[in-house]
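Chains as they are written, first to last, in UniProt numbering: chain A, 1 to 334; chain B, 1 to 334; chain C, 1 to 340; chain D, 1 to 340.
Read the hints as simulated data drawn from the structure, not as lab findings. It is possible that some hints are incorrect.
Said to hold, decoys possible - Within a straight-line C-alpha distance of at most 20 Å, the following computed DMTMM-like cross-link-like pairs (lysine to aspartate or glutamate) qualify:
hint, chain 1, residue 1, chain 2, residue 2
1, D, Lys265, C, Glu339
2, C, Lys115, A, Glu16
3, D, Lys338, C, Asp297
4, B, Lys145, D, Glu56
5, A, Lys146, C, Glu199
6, D, Lys265, D, Glu214
7, B, Lys238, D, Glu214
8, C, Lys38, B, Glu299
9, C, Lys265, C, Asp297
Here's the letter readout for the chains.
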Amino acid sequence: MSEHSVPLERQKWMYETMVKIRHYEETMVQVYTEGKTPVFNIGAGTVPGEMHLASGQEPAAVGICAHLTPEDTVTAPHRPHHIAIAKGVHLDRMTAEIFGKVSGLGKGKGGHMHLFDPGVKFSCSGIVGAGIPQAAGAALACKMKKQNQVAVAFAGEGAANSGAFHEALNLAALWKLPLILVIEDNRYGISVPKEVSTAVKSNAVRGSAYDIPGYHVEENDPLEMYRVSEEAVDRARKGKGPCLIEIETYRLLGHFQGDPELYREKDEVAGLKEKDPIMRLRQHLLNQGVQSNVLDTMETRVRQAVDQAYDFARDSEYPDAEAALEDVFAPSIQ
Amino acid sequence: MSEHSVPLERQKWMYETMVKIRHYEETMVQVYTEGKTPVFNIGAGTVPGEMHLASGQEPAAVGICAHLTPEDTVTAPHRPHHIAIAKGVHLDRMTAEIFGKVSGLGKGKGGHMHLFDPGVKFSCSGIVGAGIPQAAGAALACKMKKQNQVAVAFAGEGAANSGAFHEALNLAALWKLPLILVIEDNRYGISVPKEVSTAVKSNAVRGSAYDIPGYHVEENDPLEMYRVSEEAVDRARKGKGPCLIEIETYRLLGHFQGDPELYREKDEVAGLKEKDPIMRLRQHLLNQGVQSNVLDTMETRVRQAVDQAYDFARDSEYPDAEAALEDVFAPSIQ
Amino acid sequence: MVTTKDRVLTGNKALSEAIAQEMERDSRVFLLGEDVGKYGGIFGSAEKLLDRFGAERVMDTPISETGFIGAAIGAATEGMRPIAELMFVDFFGVCMDQIYNHMAKIHYMSGGAVKVPMVLMTAVGGGYNDAAQHSQTLYATFAHLPGMKVVAPSTPYDIKGMMISAIQDDNPVVFMFHKSLQGLGWMTPIDASQGVVPEDPYTVPLGKAKVVREGRDLTIVGIQMMTHHALEAADRLAKDGIEAEVIDLRSLVPLDRETIIRSVKKTHRLLVVDEDYRSCGMTSEIAATVAEEALYDLESPVRRLAVPDVPIPYSRPLENRVIPGVESIEKAVQTMMKEV
Amino acid sequence: MVTTKDRVLTGNKALSEAIAQEMERDSRVFLLGEDVGKYGGIFGSAEKLLDRFGAERVMDTPISETGFIGAAIGAATEGMRPIAELMFVDFFGVCMDQIYNHMAKIHYMSGGAVKVPMVLMTAVGGGYNDAAQHSQTLYATFAHLPGMKVVAPSTPYDIKGMMISAIQDDNPVVFMFHKSLQGLGWMTPIDASQGVVPEDPYTVPLGKAKVVREGRDLTIVGIQMMTHHALEAADRLAKDGIEAEVIDLRSLVPLDRETIIRSVKKTHRLLVVDEDYRSCGMTSEIAATVAEEALYDLESPVRRLAVPDVPIPYSRPLENRVIPGVESIEKAVQTMMKEV
Ligand SMILES: Cc1ncc(C[n+]2csc(CCOP(=O)(O)OP(=O)(O)O)c2C)c(N)n1
Ligand SMILES: Cc1ncc(C[n+]2csc(CCOP(=O)(O)OP(=O)(O)O)c2C)c(N)n1
Ligand SMILES: [Mg+2]
Ligand SMILES: [Mg+2]
């Protein structure tokens, strides 16, 4: 892991945030099974519906969000929690949304794939690729408003084969939009390995189809992600246009909870766990002289925040059934 | 104009076919105005509806179709006549279709943008980009049938910014399909110049996004198109996979007939006419010692074929109105 | 009555004037789409806007409908008020995901926290032999899916007023203009494509149908071109003593069921005329509404005229066969009046 | 009566068996889609097919629906007989152009010269809290547009028989299977997802509705899950002396209007229940058909139950509110029987 130029404070923030994300996702693994045992039933329990967790993919989220402000826009795909947390989405209301509670970000209407927090300009959606043009539009708005905000779209490596990817990148390049596309290459789109879906090894080469830089981050390295993102965000803020970053990352869990994962060898995940980026960054911080009790304090703090969010969600009320008919249209007058 | 290795017979065929296409399109310019003067009304006259002509773009069509057999598939876009003629579509029935007659390829149901001649595996459509995945599917069928046919998709440079382009090329590259994508860069998508629509100068570079060759043919050169296509078709037939060819070509007429062409300078077309590829190839043939009366005879022959096609169309009957309700579904049993 | 002081505009000029006035008023409004710049929109929706507002607010786009409509959504959620033009409604299939899963649902999915104030403007309609992929109206394709307002005005006056309302609306509005009603120099000139349009900005509410001809014998509901055909048929029928009430639907979503039901309760007969496909179309919805809410007021079965579930054929006699016209309306009414 | 000799299969096994048998019979049949290989289809439609037929005929695709559905069309016009899986019908918006402008229209536009013998198979339905972009049925979105057959079977027997018919049909067929009726191990187990399925190949005709319960008091038309809810409601209503006739629609295009009308002429009352959106939906089309063709047979207004034109919300009480269920059907019937 190279270390050039990542300020210690940022490293600590990344570490803390990755721990927070991991604890969030691991808690969700548990919560999601509530009411689904002994027989797994996707529609039952505390949290029903599909659940796409991102344990292992923390570096993609923290490495770039470290450079963003609440005024920068982020769109995320169906696997959104790590990105939402790194972007600073309201954790209590996000969790309540996932629980389907009225105190949730979307009053329970959106759910885990549809988290909207306009306070920090975060959104996500369940349609692969769809967030990329929308982020381009947010970047266009930044440009039109002549502010120096940027927009970041996250997408999986599978999404890089969707038409939306191509159309949005061409637009962004053409209009020199402050857009950064982060491709989280976790090797799979559900069960389909990258080499079965993608004609090129690295999507970074696809930058040349739009005459924009394509960066490649190896080995799920949060510090390298930080450095590359710094350049990418800086370019975008300065009006130098879009770029794409592909990061090699790892999905420690199934595509969704309940995935039998028959498409990968059992020991693949064991191998990935040995390379856990959180452990690696922790070791790296210790190597730099950070005291382990400092890290422990951080861990305790974020664990508490996560646990509190789950408590908040649990203690909240379900929406009234009739609320289903509201919010189709906003009051018309602007 | 370089000349290496194009057999004279093929040069003559290209010349003859280009003359045929040009005469076809110039006749259509006239026929299309029938019933539309003094006031132009798109829905009136002998041939109603939109009319996209390809005068000037002959080299793209003949340069590659010179390498194809009736068993190879071609899909064309909304500007299809030159390609159809080069592919050997039944000219009488094609013209009758454009006239809306019952003797037409589609019994008058399709029209100028929807010409289907399964006899020579030609089809076209009015939706930009849509033919590319379909050609990939035809190429897939060739591969599955273990025959050495290929499929060629034609598209405008504007279409190279559509999602269909990206998805189809990735598929074709991944599956090593015998697909050749020909991009006719006529500088405009309707009124929008290439530099306003496309983030790269040449779409040839986009081949690298799929790890396939991208060829670039300059200056609307039919012989160069022939040579590049030879390599492309040969690769495809040998199972070496897809490629894309972009040819710089020129649209001598408006996007459609009736286009006021306010988006380009008047003298642009005059300049293009001076570089007319048909004149250039004629001169080239004369330089190689072909007698001008040989060329004259060819010209007369194809002019007659074209005129006959228009006569056929004119003399044919309109379909019975009730036929509109037929052909929605084929008889169900295969 | 048109006085000499009244300004007569074509549909397209009413439309581009509405956009210009809103762009003038509100710097957040901008326009993007294919050929909206120098060309001014293939159907004249953006006439002269580039000259007036420049290329930053009147943006030609690549042929990337998912890309630029998606971008409009992203810009709208960031507080801009984009108008995106989908050149022909027939092309919806390359970008429908952005339209129906995002533009239309973000407000709901966010529990009302995010607004998507944008207009998706698109040309609809046939009648000039542009065949199966360039002649559709697809009204019901949009009206079936929740979360977007869908309007289809039929006069220059309503075009201007409803476009201004659409731009000012905080919701996504699909604004369908009919090619034949744009009054373009290269289409069949028809009276209906011209009309009196006040110069000052004004709004016409979205969601209200309009009785455009009073009558006692039956109700004809029309949409856009079909309203004009219905009016002409009504004039002919009046000579036979049949007085048709004609309703111009104007808005598909919200649907003004009250106006329709009120009329049917008066006339006791209903014919719905639609340029869209018949099955699961606006004719179905309106007929069903009446069967639910005014069944006992009907004195004869509901009748529907629409494209008979075939793609739009190219050849003139074939297209004429499938798109309802004055004649087919007249005939349908005559038959209905004999039914009891 | 199920005898010990009868084989009971889940919906997904009936479906994958149909595909396997057709692939066995006809070497032109192949399958492509996301996760149809090792995974066997997210909803089990392709269970064990990869092992049996290999990766050349059971092809995992990239997430490129326009690409691979377009490719299926191209292969079909070249004489292959592809089955393409669109994982969730909700994703139609990224590929609808290929589906409705090409797959569905090529036969017509070519004047019958080109055939497009393919199946577009897709999962529909909600009820397990998968929210606005993964819970729709969108029946009418497809049924509105001409040129494709659209079927929605509700029993394992019909799933197998109709899939075999669909594959053998020379037309494009949109085959919608309902997730809850696949009998998957990770969904709520319901009786309706299992049924007797003969091992030998057989066909069930496309385009025929089926009376699945006879009754004299009213007709309930259901589609897929809604048919099962209607049957359960009918059993409950029978205890109150109300005998509902229940029709399983099975095929949306062609629509079997005769079976519906025949039933309404007998029962004189109609309730249509649909898991799709209400406006311009199948409920509209069926209600309109009856208002046209059996108006005088109706003894009370037609009633429709469907998703009330809102996106499908995530939270359990909200989703339950908008998707019709046994209770809401029962209540609607009780109200109807009091109406005259
Ligand atoms: C347009 C579309 N097609 C298919 C799907 C179903 N789907 C959901 S996630 C997914 C895989 C996505 O893979 P990738 O982009 O690599 O993201 P990852 O799940 O690996 O994070 C698929 C196919 C979808 N949601 N949207
Ligand atoms: C999906 C789609 N979007 C827009 C159009 C409208 N349209 C027809 S042709 C055309 C321009 C095409 O440009 P190009 O691909 O360069 O082909 P050319 O017309 O120059 O031959 C456009 C925008 C369409 N037919 N389909
Ligand atoms: Mg992935
Ligand atoms: Mg062009």
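For this session: Take a quick look at whether C/Lys115 and A/Glu16 sit within 20 Å of each other, Cα to Cα.
Result: violated (33 Å)
Exercise. Is the hinted pair C/Lys265 and C/Asp297 satisfied, with a Cα-Cα distance of at most 20 Å?
Worked result: holds (6 Å)
Exercise. When you check the alpha-carbon spacing of C/Lys38 and B/Glu299, does it fall within 20 Å?
Worked result: violated (39 Å)
Problem set entry | D/Lys338 paired with C/Asp297 [C-alpha distance capped at 20 Å] | Judged against 20 Å, a Cα distance of about 19 Å means the pair holds.
Exercise. When you check the alpha-carbon spacing of B/Lys145 and D/Glu56, does it fall within 20 Å?
Worked result: Holds, because 11 Å separates the two Cα atoms, which is no more than 20 Å.
Exercise. Are the Cα positions of A/Lys146 and C/Glu199 separated by 20 Å at most?
Worked result: Given pair A/Lys146, C/Glu199 is violated - Cα atoms ~32 Å apart, limit 20 Å.
Problem set entry | 20 Å Cα cutoff - pair D/Lys265, D/Glu214 | holds (13 Å)
Problem set entry | Pairwise hint evaluation, D/Glu214 against B/Lys238, where the allowed Cα distance is 20 Å at most | violated (63 Å)
For this session: With a cut-off of 20 Å on the C-alpha distance, tell me whether D/Lys265 and C/Glu339 pass.
Result: Holds: D/Lys265 and C/Glu339 sit about 19 Å apart, inside 20 Å.
Violated hints, in rising order: 2, 5, 7, 8; the structure is consistent with all others.
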